[in-house]
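Enquirer: Here is how the chains run, residue by residue.
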Amino acid sequence: MNELIDLTATQAAERIRAGDVDAAELFEAYRERAAADELNAFTWVAPESPTNGLPANAPLRGVPVAVKDLFCTEGVPSQAGSKILEGYRPPYTATVIAKLSDAGAPLLAKTNQDEFAMGSSNENSAFGPVLNPWDRTRVPGGSSGGSAAAVAAGLAPWAIGTDTGGSIRQPAALCGIVGLKPTYGACSRYGMIAFASSLDQAGPFTRDVTDAALLFRHMVGRDRRDSTSLDYPGEIELPRAEDLKGLRLGVPEDLTGAAGGIEPGVRENFEATIKLAEGLGASIEPCRLPHAPQALSAYYLIAPAEASANLARFDGVRYGLRVDGDKDLIRMYSRTREVGFGAEVKRRIMLGTYALSSGYYDAYYGTAQKVRTKIAEDFRSAFDRFDFIVTPTSPCVAFELGAKLDDPLAMYLNDFLAVPMSLAGIAAISIPSGLSDGLPVGFQLAGPAFSENRLLDAAHALERAIGFDGSRVRV
Amino acid sequence: MNATVEYEPVIGLEIHVQLSTRTKMFCGCELSFGAPPNTRTCPTCLGLPGALPVVNERAIHFGIMIGLALECEIAERSLFHRKNYFYPDLPKGYQISQYDVPLCRGGRLGDVRIHRVHLEEDAAKLNHLGASGRIHGSDRSWVDFNRGGTPLVEIVSEPDIRSSDQAREWLILLRTTLRQLGVSDVDMSQGSLRCDANVSIRPAGASELGTKTELKNMNSFAFVARGIEAEIERQKRLLDAGEPVEQETLHFDPTTGNLTPLRSKEEAHDYRYFPEPDLVPVLATAEMVSAARDALPAELPAERAARFERELGLHADTARLFAFRAELGDYFEQALAAAGGNGARDGGAELEPVELSNWIGPLVERIGSDADPASSNVTPESLAALATMVKAREVSRDAAREVLTLLVQEGGDPRTIVEREGLGAISDDDGGLGELVDQAIAADPDAAEKVRAGNMKAIGPLVGYVMRETKGRADGGEITRLIRERLSN
Amino acid sequence: MLDRDQVLHVARLARLELNDEEVDRMAAELSKVLDHIEAIRELDLEGVPPTSHVIDVVNVLRADEPEPSLPRDIVLAQAPEPLNDGFGVPSPGAV
Numbered sequence: 001m002n003e004l005i006d007l008t009a010t011q012a013a014e015r016i017r018a019g020d021v022d023a024a025e026l027f028e029a030y031r032e033r034a035a036a037d038e039l040n041a042f043t044w045v046a047p048e049s050p051t052n053g054l055p056a057n058a059p060l061r062g063v064p065v066a067v068k069d070l071f072c073t074e075g076v077p078s079q080a081g082s083k084i085l086e087g088y089r090p091p092y093t094a095t096v097i098a099k100l101s102d103a104g105a106p107l108l109a110k111t112n113q114d115e116f117a118m119g120s121s122n123e124n125s126a127f128g129p130v131l132n133p134w135d136r137t138r139v140p141g142g143s144s145g146g147s148a149a150a151v152a153a154g155l156a157p158w159a160i161g162t163d164t165g166g167s168i169r170q171p172a173a174l175c176g177i178v179g180l181k182p183t184y185g186a187c188s189r190y191g192m193i194a195f196a197s198s199l200d201q202a203g204p205f206t207r208d209v210t211d212a213a214l215l216f217r218h219m220v221g222r223d224r225r226d227s228t229s230l231d232y233p234g235e236i237e238l239p240r241a242e243d244l245k246g247l248r249l250g251v252p253e254d255l256t257g258a259a260g261g262i263e264p265g266v267r268e269n270f271e272a273t274i275k276l277a278e279g280l281g282a283s284i285e286p287c288r289l290p291h292a293p294q295a296l297s298a299y300y301l302i303a304p305a306e307a308s309a310n311l312a313r314f315d316g317v318r319y320g321l322r323v324d325g326d327k328d329l330i331r332m333y334s335r336t337r338e339v340g341f342g343a344e345v346k347r348r349i350m351l352g353t354y355a356l357s358s359g360y361y362d363a364y365y366g367t368a369q370k371v372r373t374k375i376a377e378d379f380r381s382a383f384d385r386f387d388f389i390v391t392p393t394s395p396c397v398a399f400e401l402g403a404k405l406d407d408p409l410a411m412y413l414n415d416f417l418a419v420p421m422s423l424a425g426i427a428a429i430s431i432p433s434g435l436s437d438g439l440p441v442g443f444q445l446a447g448p449a450f451s452e453n454r455l456l457d458a459a460h461a462l463e464r465a466i467g468f469d470g471s472r473v474r475v
Numbered sequence: 001m002n003a004t005v006e007y008e009p010v011i012g013l014e015i016h017v018q019l020s021t022r023t024k025m026f027c028g029c030e031l032s033f034g035a036p037p038n039t040r041t042c043p044t045c046l047g048l049p050g051a052l053p054v055v056n057e058r059a060i061h062f063g064i065m066i067g068l069a070l071e072c073e074i075a076e077r078s079l080f081h082r083k084n085y086f087y088p089d090l091p092k093g094y095q096i097s098q099y100d101v102p103l104c105r106g107g108r109l110g111d112v113r114i115h116r117v118h119l120e121e122d123a124a125k126l127n128h129l130g131a132s133g134r135i136h137g138s139d140r141s142w143v144d145f146n147r148g149g150t151p152l153v154e155i156v157s158e159p160d161i162r163s164s165d166q167a168r169e170w171l172i173l174l175r176t177t178l179r180q181l182g183v184s185d186v187d188m189s190q191g192s193l194r195c196d197a198n199v200s201i202r203p204a205g206a207s208e209l210g211t212k213t214e215l216k217n218m219n220s221f222a223f224v225a226r227g228i229e230a231e232i233e234r235q236k237r238l239l240d241a242g243e244p245v246e247q248e249t250l251h252f253d254p255t256t257g258n259l260t261p262l263r264s265k266e267e268a269h270d271y272r273y274f275p276e277p278d279l280v281p282v283l284a285t286a287e288m289v290s291a292a293r294d295a296l297p298a299e300l301p302a303e304r305a306a307r308f309e310r311e312l313g314l315h316a317d318t319a320r321l322f323a324f325r326a327e328l329g330d331y332f333e334q335a336l337a338a339a340g341g342n343g344a345r346d347g348g349a350e351l352e353p354v355e356l357s358n359w360i361g362p363l364v365e366r367i368g369s370d371a372d373p374a375s376s377n378v379t380p381e382s383l384a385a386l387a388t389m390v391k392a393r394e395v396s397r398d399a400a401r402e403v404l405t406l407l408v409q410e411g412g413d414p415r416t417i418v419e420r421e422g423l424g425a426i427s428d429d430d431g432g433l434g435e436l437v438d439q440a441i442a443a444d445p446d447a448a449e450k451v452r453a454g455n456m457k458a459i460g461p462l463v464g465y466v467m468r469e470t471k472g473r474a475d476g477g478e479i480t481r482l483i484r485e486r487l488s489n
Numbered sequence: 001m002l003d004r005d006q007v008l009h010v011a012r013l014a015r016l017e018l019n020d021e022e023v024d025r026m027a028a029e030l031s032k033v034l035d036h037i038e039a040i041r042e043l044d045l046e047g048v049p050p051t052s053h054v055i056d057v058v059n060v061l062r063a064d065e066p067e068p069s070l071p072r073d074i075v076l077a078q079a080p081e082p083l084n085d086g087f088g089v090p091s092p093g094a095v
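Residue numbers (the working numbering), protein chains in the order written: chain C, 1 to 475; chain A, 1 to 489; chain L, 1 to 95.
Some hints could be false.
[Stated by the list, open to error] Covered by chain L, according to a simulated footprint, are these stretches of chain C (three or more residues, beta-carbon under 8 Å):
1. 222-230
2. 406-416
[Said to hold, decoys possible] Taking lysine-lysine pairs in the BS3-like style, the calculated list, with each CA pair at most 27 Å apart, reads:
3. C/K327 with A/K125
4. A/K450 with A/K471
5. A/K457 with A/K391
6. C/K404 with L/K32
7. A/K83 with A/K125
8. C/K275 with C/K245
Derived by calculation from the structure, the hints in this document are not laboratory data. Note that this is a predicted model, so its numbers are computed, not measured. We put the beta carbon where it would ideally sit given N, CA and C, even for glycine.
Extracted from the complex, chain C is given alone in its bound form (with noise of 0.2 Å):
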């Protein structure tokens, strides 16, 4: 195994730093092996080392990062996973990738993503599906499968994706890495092609909870260019607890008490990594989140409501794919994106365009949206009594491919962990916590807006106790 390859982006950026390791080297070893992947984990890969030097003292020392090919990076194919897409080269590149390749992080490879960040299994790619490492004829979640899948297997050191409704959270989860999905707003949207405007952030895939801390560190910060996002209150710190201490943890029996939601393996590893939590120091109990329940069906409205509108700009028009140009204006318009957009993609610009409609707007996107005032509700309250809520990430571990693909509703369900904290806009990460039948199990820990530096403590001390080693599937 190739000792370069096993090094953390932390340690590889100080190894570096310290002179022991060549950041030419280091991007080639990766950008070969990314070069043969056989998980179709990407969409694109760098042809050659970058040749224009390295910010001096640029923090993150040149250790090539993965991006999801959602994020547009001038000069380089986005396609956000469709075929309407296809060969798409932006004229500027989204700030979170700007403000990485600043800090010394340059553009290793595009990864590969369901089409337009929709889906829980990277199967709803124009480009093919992308394999789970752990075994290659299952699904390695979704959408941001290709960097969750790349990471995992040692072709990138760490990736960006993107999470709406946990799309970065439940890849994590499948393929045993760490996935944050930070405070709503922390991280600049311009750039990133919208899924669901008022619920995408972009976040890190990392091996381990430091890397993750770090590489968020130069991700956050308000943008002019996006209306929504903020200032972040403070440095991100790397974290160091060995412990939980003082925690006070809440298990939302709204949702993990679901009959039947979640597989029984998934369950007994959560028991069991609530028990390791007691035993740092950590109080666990019950807590109410009476509306998340309701929280699957109010995001399936907002977001395709949402997305209906993002996608209305794939026209044919200006660029991408045009189908039947010769034909009159509506027929363009139509046979452009039958053709471009996949099934799945067609199904929740469907869904929310039926929920904005004329007659139905209050019955479903209205009464969602405050369904999601509820919610936000909900954690405020139970924040008052715990620093953190805490669930599996998801229900199940990785399923097989085509399993759920006919049936999108049980796909949809796959996410009910996650689109609670993903509609209150709170901070909320998954760390591997073991495995159940040979496969990887995540642990979600939720705490409120802007609470990152203590939930990344507290997923480190939990981390280390928990021991997880995935070096195993990495190529």
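Use these hints to put chains A and L onto chain C, whose structure you have.
Expert: Positioned in the frame of chain C, the structure of chains A and L alone reads:
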């Protein structure tokens, strides 16, 4: 056929105003009329994937100014909404506009109430290839996104307008007001002021509204009036024939006078409005409102009209005309100032504002109703001097009109013209007028007899005789006085 | 609960030309999803304000200062039909 039913038109106007900010509503692209196509665009106003909007501070400021000038209530908190539909000039497939929480509500301008005022972004420019350059009949079109994203203010009036003339006059007042605010070029020919009209008719005295149609894209004040007039007539003909008015959108062609439906019913849009998640609410803080108030001009047209009536004693209609057509009001006030100087100098005959105002009409008649008096050959000082001369009976009213015509043609000083043309008034001072009056009475004893008997209508021919003899230089009032004097004993 | 006609109406609003098989499938799938979602309409949400914005921020405004625009050749670089220095499309009036 119901020929005897009187119909009352009910008209509301929807006006779009392009703001004269430096940059677009949601991005920093510079606004520039006439720039080469697609040279003023960026990811945001092109609707590229991943781009986001950011609100232009100055557009909000201008929006609040407009709201204050129209006496609206400024919303403490307003939201942007997405208005969703597909069209090539709409790059995102939705327009960022305002829906049920607009910047301003209520208000009034002149005698028309305002329903609401809100901010939105302009669409891009869709150009058509093909002979006529119009949509119907062309095969290919192309889009220039320079204009896309320009800040627009939409002003919606209540349906308080009752005639096409009133619509035109109110639109002129609105344009004058907005121009004085300095928030827009408000040029209909360039598209910085656009007007759509909602028109319906109902039996006079009815309180229920009839079905309304929407007229779009009338790009001059005259076309607005003619389009509305044509639509009123069309609806009258329909109702008279027992047919219903269909709710539709119509295009008025000023060259043919035809009204053509623009959209069929099944294309009726479901805009699926929802709050814009990429933007945050706008709070009109006390600071923002007072900054807007401070930026308002000292006197807006409606206030000026009130002052003209109240302090200068002008009749209401005249006051409004002069206030709503700023060029007339400006000219009038300059003339009035000059007249004050004249009066002091001549030590007599101080000219009343009303008397001076009576001379604006004749001036406008001579230069054309669309012309600006300030660019004519008649300076405000000259007009004031002429009016003062008439008041002082130095020249008769009729002679003065001749002088005015000459002033319009050649400019100069009225006094000089009067002397040169020998148009000075004849009065009875030198006895000449009395002689002519005696001649008139002698020439028409019948008329003289009737006047002596008390029939004042018969005085006309006698006055006319003297006027002809004096070539209009005598003052009609003076002639009448002398005739009566002669015939009263 | 969503019949063919409704699906066709929504598809037209969304400018999606679904084929017959898709229309039927969509009707079934969306109906199933909506059935599940229906439950939220049973909740008592009287007096609850809808969330229109997640973050508690107002008045994010930009100074009215020009920023560089994109050069036209870049703007048109990926246009499906460059025409007259702009983006060619079928005319809206053409049938």
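Enquirer: All hints are to be evaluated individually against the structure, with a verdict given for each.
Expert: To see whether the hints hold, each was checked on the structure:
1. 222-230: This one holds; 4 residues, not fewer than the three required, reach chain L with a Cβ under 8 Å.
2. 406-416: It holds, with 3 qualifying residues against the three required.
3. C/K327 with A/K125: Holds, at roughly 21 Å.
4. A/K450 with A/K471: Answer holds: A/K450 to A/K471 is near 25 Å, not above 27 Å.
5. A/K457 with A/K391: 26 Å, holds
6. C/K404 with L/K32: 15 Å, holds
7. A/K83 with A/K125: 18 Å, holds
8. C/K275 with C/K245: Measuring from Cα to Cα gives roughly 14 Å; hence the hint holds.
Checked against the numbered hints listed earlier, the structure breaks none of them; every hint is satisfied.
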